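Protein chains: 2
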Amino acid sequence: MSKLANEPDSAAHKKEAFRLLVKNTLERRLFYIPSFKIYGGVAGLYDYGPWGCAVETNLINLWRQHFVMEEDMFEIRCPCVTPEVVLKASGHVDKFTDLMVKDEVTGDCHRADHLLKNFLNDILAKDAKITAEKKKEILTDLASLDEFTGPELGAKIKAYNIKAPDTGNEVSEPYPFNLMFATTIGPTGLVPGYMRPETAQGIFVNFKDLYYENGNKLPFAAAQIGSAFRNEIAPRQGPMRVREFTLAEIEHFVNPYDKSHPKFKDVAHLEFFLFPRAEQTGLKDHVKTCIGDAVAKGIVDNETLGYFIARTYLFLTGIGINKEQLRFRQHLQNEMAHYAQDCWDAEIECSYGWFECVGLADRSAFDLKAHTSKSGVELVAHEVFDKPKDVEQLTIVPNKKILGKVFRKDQKILSESLESMTEAEALALKAELEEKEKTIYRVCTTGQEFELTKEMVTISQQVVKTHGRNFTPSVIEPSFGVGRIMYCLYEHCFYTRPYTPGEQVSSVFRFPPLIAPIKCTVFPLIQRKILNYKAELISNSLTRVGVSNKMDVTGRSIGKRYARTDEVGIPFAITVDFNEGVTVRERDSKQQIRVPDGEVVDVVRDLANGSRPWAEATSSYQVVLVPDAEAES
Amino acid sequence: MSKLANEPDSAAHKKEAFRLLVKNTLERRLFYIPSFKIYGGVAGLYDYGPWGCAVETNLINLWRQHFVMEEDMFEIRCPCVTPEVVLKASGHVDKFTDLMVKDEVTGDCHRADHLLKNFLNDILAKDAKITAEKKKEILTDLASLDEFTGPELGAKIKAYNIKAPDTGNEVSEPYPFNLMFATTIGPTGLVPGYMRPETAQGIFVNFKDLYYENGNKLPFAAAQIGSAFRNEIAPRQGPMRVREFTLAEIEHFVNPYDKSHPKFKDVAHLEFFLFPRAEQTGLKDHVKTCIGDAVAKGIVDNETLGYFIARTYLFLTGIGINKEQLRFRQHLQNEMAHYAQDCWDAEIECSYGWFECVGLADRSAFDLKAHTSKSGVELVAHEVFDKPKDVEQLTIVPNKKILGKVFRKDQKILSESLESMTEAEALALKAELEEKEKTIYRVCTTGQEFELTKEMVTISQQVVKTHGRNFTPSVIEPSFGVGRIMYCLYEHCFYTRPYTPGEQVSSVFRFPPLIAPIKCTVFPLIQRKILNYKAELISNSLTRVGVSNKMDVTGRSIGKRYARTDEVGIPFAITVDFNEGVTVRERDSKQQIRVPDGEVVDVVRDLANGSRPWAEATSSYQVVLVPDAEAES
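Chains as they are written, first to last, in numbering that gives the first Met the number 0: chain A, 0 to 632; chain B, 0 to 632.
Simulated from the structure, these hints should not be mistaken for laboratory data.
Predicted model, so just to flag it, every value in this text is computed and none were measured.
Please note: incorrect hints may appear among the correct ones.
As the list claims (entries may be wrong) - When the alpha-carbon atoms are kept at most 20 Å apart in a straight line, the in silico SDA-like pairs for lysine to any residue are as follows:
1. B:36 x A:183
2. B:549 x A:183
3. B:549 x A:69
4. A:549 x B:61
To be verified - Partner residues are not named here, just some residues of chain B that face chain A (Cβ under 10 Å, in silico):
5. 29
6. 35
7. 55
8. 64
9. 182
10. 186
11. 394
12. 397
13. 399
14. 403
15. 404
Here a beta-carbon is modelled for each residue, glycine too, at the ideal position from N, C-alpha and C.
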């Protein structure tokens, strides 16, 4: 969840203005389109137009390369429609709620915590005369937002006398609203189901098969990329809070007694911002930390969790997230689920504040145990001991001969009942028989009672040599909100520069080539058949080698066409003129090189897939000097 | 929809046995996992395990290359959650239904048409003494299945005295059941929505923005790949009929008066099976036809539709669909929606019969007009005429001076009312004034009446030079059912061969390298540290150049490990032994070549991306002769 920093009003306005500038470009060039716009749209639903869709596809492909392929994970795909029983087991039916208040007059719904947060941030931003004590109180409330219960939130709303935004009406007491989209499965209308709120459950329920496919060995990881759904109460933060989104989730199953990671040494030296619990409760800031040290000092619970934090850092900065606006924030003790061992959120700073974009959690054995207990199917791993271990084991042996003589046909039911006693019951019975020689025993399934004597059943604790054991693996879960990462990426890659000297500005996305929606545009310098023909040949050759590209044969000036491709972040442009060879232009430097016709496809392919840096290309080919005004007007 | 051919009982059994064999491999190796299996599963929902997920990803990437990139389409992504108004406009709320019957005793639901189809196919398969006349009647009923209304289906079920399967109970009259999963959007519970039954509507509602992004030019195409949902009544055909599936849809927008296609000439020579209307009603078979001829003769309505049919043929056969089991079936006249110009289904034959896997429809202007009328936003294109055209145009000019004198302050409202008359109203008024010199005119917004004379308004028809016009584009829609294509692909690529001479058989998927779930396995010949180390180096290098691969370091015999990779269709295996260089084995020929260490990564990359055929590799490198029994045991 975002924690808006305390900041003066003018900084807030600056952020707002920046956001509008980015939004304007994103919506004008159809990175985003408010869904069902011609019908007035639906809050919290966005379409990705051509450029946005291409960026998402590239981002997902890179994620798949970085995690699924390089870490050798199983990727699986499960449906969104999920029967109730699964989400009952996972806890979502009972607990996947946000606290909501209603405007007492209009019935409009608001998230109770957002109401309080916005109110408090407003005070911090606007009230210059606030006392240091009051400020500390507000900051403490803001830091505790995720931990307040319904009644606590209600009390705060009353204490601060907060009204409904826009209308100023009274609001109701907070009450929980379940965020899942409900439906029914099949024609009878009797089978309740939901659209999945996360992809993780699909992986957990398949643990047994995946463990088998992995040769019954731990650790292993499974990943899933797909849609998830949350029926947000009042989504108001643009693409950062939506009702349908793409998640990329990993469930890494590991022996709870050995969470070391063989590749941790490869990343242990990395330094980046951590925001541990102690810094948060001390109202301090995040600090640059070496992940190896953080694990060694126990700030991060274990190597595997630390490994994924570091790999996440590499992934996010690799796609273009600014490392100064990225931190890993540890969950506060009360903020974590009771079963969780340790949780860190990768938070990215954007104009909406610091926002959770990736959750990294050591969820211990909770999920597998929950599904084991609900489904009756044991989701466990087996461990073979290095050498056999001596283990105390309870044995219950009914003396069927005596029981048969005394109780005749009831012998069977009585023996079965005795054999199925829990350890506690058996030990109690043993103690009683040893003390009193006989006792009354009740078969709970039938209600019958029998008088047992000491000879009738032998209960003993024996030491047995065992060669292995079954156990429930721990799960370490990195969960990526693809849409939030994308939006932050847009903000981090966006900049403006003068378009014509002293005149308009033009906007640019400095996407790394692998993320850029397409890699290259192909322009005939002016509208001539022969230039169009050559441009088309080049474009087709690029397509054949898998370099996405577009031709622009409009009569617009070359400067305007460059500006249009900069605006959607296309890193390279090929311009065809009447000479031998072509020019290749790089987006951010606006440098151009002259490349022979026969080499341009290979050069652009290598530039686009990152195997050739631009600096190298400018030293191999002639750099064309273009007076800025001439080139860009 | 599938039309099961008439076939003797033994052929049906053979198909069933083949299907079980394929299913056994697909489920054992986790291509499919029945969703939520540990909870008993849900009919019509399947997970894709690691291999199935990888095949789908590859198939989608190839589709994107073949259509989006090579045809320069806009790809967009819209949400699955869709508000009711959109699906009301598209007709889905009212008409997206299947006819259902209920078992009168148990309440079990059945699809009425499937009940009739299975019953009739059973007669054909089992009743040897059936008369030619009776057989023709049954075949005619089968061919008309999609066209029967509810009462007609009910009458047929009565006439044939069909009972509920399994129970033998009476069934109800057929009644329509809407196949959409319903939900509500937002916290109030008052905004109805559905999970989209197709991705197409998301494209239609964005027509205006996409047309603008395309420089206000036709034709252009937009594509979408994503999940769609149909709450099937009783899905019983494995992965061929499911409740959630991936669609890849194209909407190609074109001028209705010019459906030529500039690239049609590139595909006009292609020959494949067409199954036109005339052949179906004449109870004949599909015929190999040249697509150029079919368009020239008007069997296929236009070049653009013909072009997409041919491109679909190239795509499907390119990924491994057997061209002898692929045909394009034209919709019968009654089977098509009233607005459709022409429709063809790409049907693929599998053990379930001939099944629609791609729908190719010329839907004329229906969808854009429906959304224009419901939303009030004009979804039209503009055409500039080559030279201006003379068009008759009605003009209404109130004489405001006279009107002001006579009616004073009412002049304004009266003038506005006159100017906003429809063409019919204006012509009627003109006729009346010419006949009677004066008449009573009623302003419908206020109810006021005025006595008008001839001088007060001039109504005339004038010929005006116009330079262009607005019109609603036609839509040609190729819609790919990705899951159905995948399942058919599995059947078409599956074969078995002896594993050890005279013993077991092993199964193989002969996937083309680009479709294969991963491209290569890397085996140390036996378990030795030094071999594992070399294998790992090769595996990491392959990953770095984007060749998906897995190591298998288990102690299984090399023959068993080859069999395990054949079974999931991995085309190449690298085996590391104690010598210089490695062997590379091809799956189907079982041939092996010896490749120097320094070249193996490049060789396998080129083999995997299809740029180097195996035959070429065997002529460049030494072919290793391996006695079959030695290699494979």
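Results for each hint:
Of the pairs offered as hints, the one joining residue 36 (chain B) and residue 183 (chain A) holds, with about 19 Å between alpha carbons and a cut-off of 20 Å not exceeded. Using a Cα cut-off of 20 Å, the hinted pair residue 549 (chain B) and residue 183 (chain A) is violated, with the two alpha carbons roughly 40 Å apart. At roughly 10 Å between alpha-carbon atoms, residue 549 (chain B) and residue 69 (chain A) fall within 20 Å of each other, so this suggested pair holds. With a CA separation close to 19 Å, the supplied pair residue 549 (chain A) and residue 61 (chain B) stays within the 20 Å bound.
Taking 10 Å as the C-beta contact cut-off toward chain A, the hint placing residue 29 (chain B) at the interface holds, the least distance being around 6 Å. Satisfaction of the interface hint for residue 35 (chain B) is found here, the shortest Cβ-Cβ separation to chain A being roughly 6 Å, below the 10 Å cut-off. At about 7 Å, the closest approach between the beta carbon of residue 55 (chain B) and any beta carbon in chain A falls short of 10 Å, and the interface hint on this residue holds. A cut of 10 Å between beta carbons decides the hint on residue 64 (chain B): the least distance to chain A is about 7 Å, and the hint holds.
Among the interface hints, the one on residue 182 (chain B) holds; its C-beta lies about 5 Å from the nearest C-beta in chain A, closer than the 10 Å criterion. Taking 10 Å as the C-beta contact cut-off toward chain A, the hint placing residue 186 (chain B) at the interface holds, the least distance being around 4 Å. Taking 10 Å as the C-beta contact cut-off toward chain A, the hint placing residue 394 (chain B) at the interface is violated, the least distance being around 31 Å. Given hint, residue 397 (chain B) at the interface with chain A, is violated; its Cβ is 34 Å from that chain's nearest Cβ, farther than 10 Å.
Taken as an interface hint, residue 399 (chain B) does not check out: its beta carbon lies about 37 Å from the nearest beta carbon of chain A, beyond 10 Å. With its C-beta approaching chain A no nearer than about 41 Å, residue 403 (chain B) sits outside the 10 Å limit, and its interface hint is violated. Hint status for residue 404 (chain B): violated, given a least beta-carbon distance of 45 Å to chain A, over 10 Å.
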